[in-house]
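**Q** So you can see what is in the structure, the chains are spelled out below.
Number of protein chains: 2
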Amino acid sequence: MKISVLGTGMVGETIASKLVELGHEVKMGSRSANNEKATAWVKKAGARASQGTFADSAAFGEILFNCTLGSGSIEALEAAGKQNLKGKILLDLSNPLDFSKGMPPTLFVSNSDSLGEQIQRAFPELKVVKTLNTVSANVMVDPARIPGEHSVFVSGNDAEAKNRVKQLLTEWFGWKQIIDMGDITTSRGTEAYLLLWIRLWGALGTPDFNVHLVKKG
Amino acid sequence: MKISVLGTGMVGETIASKLVELGHEVKMGSRSANNEKATAWVKKAGARASQGTFADSAAFGEILFNCTLGSGSIEALEAAGKQNLKGKILLDLSNPLDFSKGMPPTLFVSNSDSLGEQIQRAFPELKVVKTLNTVSANVMVDPARIPGEHSVFVSGNDAEAKNRVKQLLTEWFGWKQIIDMGDITTSRGTEAYLLLWIRLWGALGTPDFNVHLVKKG
Chain Y
719 MKISVLGTGM VGETIASKLV ELGHEVKMGS RSANNEKATA WVKKAGARAS QGTFADSAAF
779 GEILFNCTLG SGSIEALEAA GKQNLKGKIL LDLSNPLDFS KGMPPTLFVS NSDSLGEQIQ
839 RAFPELKVVK TLNTVSANVM VDPARIPGEH SVFVSGNDAE AKNRVKQLLT EWFGWKQIID
899 MGDITTSRGT EAYLLLWIRL WGALGTPDFN VHLVKKG
Chain F
719 MKISVLGTGM VGETIASKLV ELGHEVKMGS RSANNEKATA WVKKAGARAS QGTFADSAAF
779 GEILFNCTLG SGSIEALEAA GKQNLKGKIL LDLSNPLDFS KGMPPTLFVS NSDSLGEQIQ
839 RAFPELKVVK TLNTVSANVM VDPARIPGEH SVFVSGNDAE AKNRVKQLLT EWFGWKQIID
899 MGDITTSRGT EAYLLLWIRL WGALGTPDFN VHLVKKG
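Respectively, the protein sequence lines represent chains Y and F. The opening residue of the first sequence carries number 719 in our numbering; numbering runs sequentially from there. The opening residue of the second sequence carries number 719 in our numbering; numbering runs sequentially from there.
Hint data in this document are derived by calculation from the structure and do not stem from the laboratory.
For identical chains, the list gives no copy identity; a pair is met inside one copy or between any two copies.
Computed list of lysine-lysine pairs in PhoX-like fashion (alpha-carbon distance at most 20 Å, straight line):
1) Lys761 <-> Lys736
2) Lys736 <-> Lys755
3) Lys720 <-> Lys804
4) Lys933 <-> Lys894
5) Lys884 <-> Lys736
6) Lys894 <-> Lys934
Based on the sequences and whatever the hints tell you, model everything.
**A** Shown next as structure tokens:
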């Protein structure tokens, strides 16, 4: 499949590398066509890897991953261009983290709104599925690195898109317990969880953790 | 032990009943000395159960449970009276839920502050330990009702108080995996988790669930 990965940070590189490894063609998108990190990644990742602007990447991909920083996501998608987004599924992996007020970060949108919703409102032509934002990059593509069962969430307005994403999370990365939270407003829950996640990272001393949802009966 | 349970709602009644069952003397506290729900509870719970004002209850207890609604917690503790709180451990089970804007609720404090911190700031004479606020009342006192391992958190500034609470959570209710999050500011994490919790309740159709923290190695 041809896949667009928007963002050149650790999440973007981890997702893009895994997808190339799985045999997909991946175009990493960034602000400029000759981004240094994207260039280095293409060199390392080989023939199925390419790079370009956000617009190049979005035009290329049949399916899109938003791996940009939350604070730059709307701008990146605007640069990608509405004509390149139309009708496509966007896996939104971003979090609205605000590092400007020191550590640990706060959220620049939360409680009565979410970044997932902001993106869906700004780009109604996209089928936004918020997912994977509750685990570290390495865990996203390799849940088996953590022993035992654990969970990931999906939020989105389009049932078919969510089902497709659930299928891909299992097929590509090996996710087993995928909780369908409901529509995109449920991103408020999984994004707010980051306020717990960053403190668990501190308490446990590693980002290699996750939660397993267990219920009665 | 003599225990103060502040609040007559489902959480207060569940905690108070369990503690009486374990052989403790429990005084349930509320705004008035003849609160209807507290009266009914005392009648049902038997000889070790009693009730009174917030001040009566706090004066009675060697250890305190805050089971009031988050929106009324500061007021309840003010009514309890500083002289009755001095040096005591308060297990803060409350959440800053705001139901005034419809369902699902939002949080009236979050992100850069928390109710746990507000309480600790307002009552420096208390040793506030935020805990159990991430599970439903029935799960608080009976984690075994959910199969398998799952986790509960403690946040607080006083290490000795946290250790005492961890011991009590295990001894009284059977909690096994208790995660020490750090100081009281980490309440921001466990309170924000409520925004996920209320949506999980919706998605799963039951409050009888919890998360198990799993990590690598």
